[in-house]
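So the sequence shown is numbered by UniProt numbering: it starts at 1 and just counts up by one.
It is worth saying that the hints were derived from the structure and are not from the lab. There's no promise every hint is true.
What follows is a set of in silico ranges between Cβ atoms, one per label pair, in the way DEER data are often shown [claimed, not checked]:
no., residue 1, residue 2, range
1, Gly68, Pro39, 23 to 33 Å
2, Arg17, Ala43, 27 to 37 Å
3, Ala43, Pro77, 10 to 20 Å
4, Glu15, Arg70, 30 to 40 Å
5, Phe62, Asp2, 24 to 34 Å
6, Ala46, Ala24, 11 to 21 Å
Just so it is clear, CB atoms sit at the ideal spot from N, CA and C, and this is done for glycine as well.
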Amino acid sequence: MDILYFAWVRERIGEPRERLETSAKTVAGLVEELRAREPRYAAAFADLSALRVALDQELADFDAPLDGVREVAFFPPMTGG
């Protein structure tokens, strides 16, 4: 699975993307796995209310299942202008 990080999420983690295998069933489970990896991940995912997620380029919730998902993207909320 490809994991993409945008904006300040990318800055805190220090990577724009990575490929990983996960046993997580939901986005929330994946976040828990990532938080446990290193302090930089824990910092990036400390406040989920400040994050949005997309699965295969479709906006999703953190309780969304990961079954069949190829790409997960994490990014801050966007504002229009």
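Falls inside 30 to 40 Å, the C-beta gap from Glu15 to Arg70? violated, 18 Å
Using the C-beta atoms of Ala46 and Ala24, is the stated range 11 to 21 Å upheld? Since the Cβ atoms of Ala46 and Ala24 sit about 18 Å apart, the hinted range of 11 to 21 Å holds.
C-beta pair Arg17, Ala43: status relative to the range 27 to 37 Å that was hinted: violated, 18 Å
May I ask you to test the hint 24 to 34 Å on the CB atoms belonging to Phe62 and Asp2? violated, 18 Å
Taking 10 to 20 Å as the hint, is the beta-carbon distance of Ala43 and Pro77 inside that range? holds, 18 Å
Could you tell me whether the CB distance from Gly68 to Pro39 stays inside 23 to 33 Å? Roughly 31 Å apart at Cβ, these two residues keep to the hinted range, so it holds.
In summary, the structure is inconsistent with hints 2, 4, 5 from the numbered list given earlier, while agreeing with the others.
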